[in-house]
Amino acid sequence: MNLLSFTFLASIFLLLAVQNLPFFSKRAKSQNALLLVVGYLLYAGTDIRGFLLLLVSTIAYYFLGIAIQKRVGAGEIRKAYPLTFLGVAFGVGLLLYFKYLGFFIQSLATLAESLGWTFDTPTLHILLPLGLSFYTFRLISYVIEIYRARTEAERNFVDFALYISFFPCIVSGPIDRPNAFLSQIKSARLFRYADFLTGCRMILWGMFLKICIADTLAPTTDAVWQSLSDTNGAALLLSALIYPVQMYSDFCGYSLLAIGIGRLLGLRITPNFRTPFFARNVAEYWRRWHMSLTSWITDYVFMPLNILFRDYARLGTALAVIINLIVIGMWHGANWTYALFGLYHGLLFIPLIYGGQFGKTRKLKPGKWELPKAGDALRMLATYLLVTVAFILFRAPDVSSAMAYFSGFFSESLFTSPQLPSFRLLYVALIMLLFIADWVYRNDECVLCFHGKGLMKYRAARWMVYYALLFAIYANCENLHGDFIYSQF
Amino acid sequence: MQEQEIYSALNEIFRDVLDEESITLLPDTTADDIEDWNSLSHIQLVSEIEKHFNIRFSSREIMMWRNVGEMVQTILSRV
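Those protein sequences? They're chains A and B, same order as listed. To convert, note that position 221 of the first sequence is 449 in this note's numbering; the numbers rise steadily by one, no gaps. To convert, note that position 1 of the second sequence is -15 in this note's numbering; the numbers rise steadily by one, no gaps.
Bound conformation, chain B alone:
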């Protein structure tokens, strides 16, 4: 799977979970850049991403991401 495909899928998941159509994720996007991306919605996002890609992240991986780019790298290493 290409990196761009992952970004497209993530954009859809983020827009759906956070109910915000204008979201466009970039590698350096962080929770500070998106209003409703907080600790609670983060877990909902993770859960949806896992379902979509049929993968399972470890707690450490989830806690270590500092931006979307790092999240995408983890997904790339799994799919």
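The shape of chain A in the complex, shown without the other chains:
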């Protein structure tokens, strides 16, 4: 299921046309059934084995949700608890089995070997079902929300199955919550020109981010990781500084495609990014980066832990934050680098918690000439640099490679001219374009959702931008670097 293929995008417009045919246009149930069938066909066509698991899990959670609802509705909270626990444990169990079992066995074997014990470890070939990390989070959040009486169990199986498997979001999110999604599909989605336009703009900007920025930068950062020992410190620094932009363009590009496709079909998907590089500290950064995952883990991991540790005041909060960030890190995959990535971010929160800045949202007010104020700009730069260090851990194939990167980085060659393979001035221009566009349109839904600012109030200027982006996408599409980074998680 490749959201960037021409066939896929063409089929979305076909689906939109079918959804608006007389038979479907006024019937929410028919529209939902159509979206579910299309989604299931796309999924089964990509991963038939994974499809069976998706179907079985959906059926199981549908009945589990109704059972929890019955008990919560009758005020039998003690009876609802074991069922909710079962739902959470089954979802976590799926993730543990498919994502982490091999890793845990291997880690135990390494530990045993270091203690002088040797035993044969079975070689496991467990393939990760498509989108498992994303749809299990929807399933878990569904049962918890019913238990907390924040939502009611969905009685319509088609609607529930559509929420779990909405095809633009199943591979890499965003992770919608049940209330936000289910409430929208109860009424028929009529064609609205404004939604159509916004959806197209999001798709266009998402494609530009992925094809023209992420995939243009990727060969350079990949080449550095493939020849760490031959790369000088200055080049390692430059590559490390580029990587957050590459990641952002890749994942934000994907998210915009998914959200834009949703909007074309008349659905508002939860946003995933809000100009993260304008964050003035790490806490603010996490409120702007992969927001649907962060808010999910905050609600279901951080808050319960923070409540549990409440007698320890700030120490308890710090502990809850560190565990929270390690969970976010490990969610990305079975590798100690992700755990270190989370631990590092968690430790960065400690000064914020003790300094009283954690949890405070200070509005970003521009200074002279609509630019960030000097103090804010410095804080943004400092946050970017701190995040860059974390991304080295994130990108490293293993801990020893990350250490090799850091030791190459902090060497005398840091003060030489960077020898970065295939680095071009175009990269600087692209990165600047991204930062300027994000800054100017930071309060808008997406960069191309112009609201009559400056030149963009003229239709001709807007169309020039659209054509320029289309041309850039067309010119670069043969350099498509591969799938989205987040589809592997």
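Keep in mind the hints are simulated off the structure, nothing from the lab. Hints are supplied without guarantee of correctness; some may be wrong.
[Stated by the list, open to error] Only pairs whose alpha carbons sit at most 16 Å apart, straight line, appear in this in silico EDC-like list of lysine to aspartate or glutamate:
| id | chain 1 | residue 1 | chain 2 | residue 2 |
| --- | --- | --- | --- | --- |
| 1 | A | Lys588 | B | Asp12 |
| 2 | A | Lys588 | B | Asp16 |
| 3 | A | Lys591 | A | Asp604 |
Based on these hints, arrange chain B on the given structure of chain A.
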């Protein structure tokens, strides 16, 4: 204990924890109405309320409150 007494005590706790003397809680007051009432200060508030009334809330209760009125009802059922 009367509902009004609980509101008076809560007003004092909120003013003290959030360092804002102008806070006056009403049944439909939510975190959106008070600037520094966020997820972190919420837990500090809960902890202070528990100490003041000598009670212990469950995680589910803490997560379920949608406004001050619901919080007061839980306290009323315990004291």
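### Message
I'd like to know which numbered hints this structure contradicts. Please list them from smallest to largest.
### Response
1
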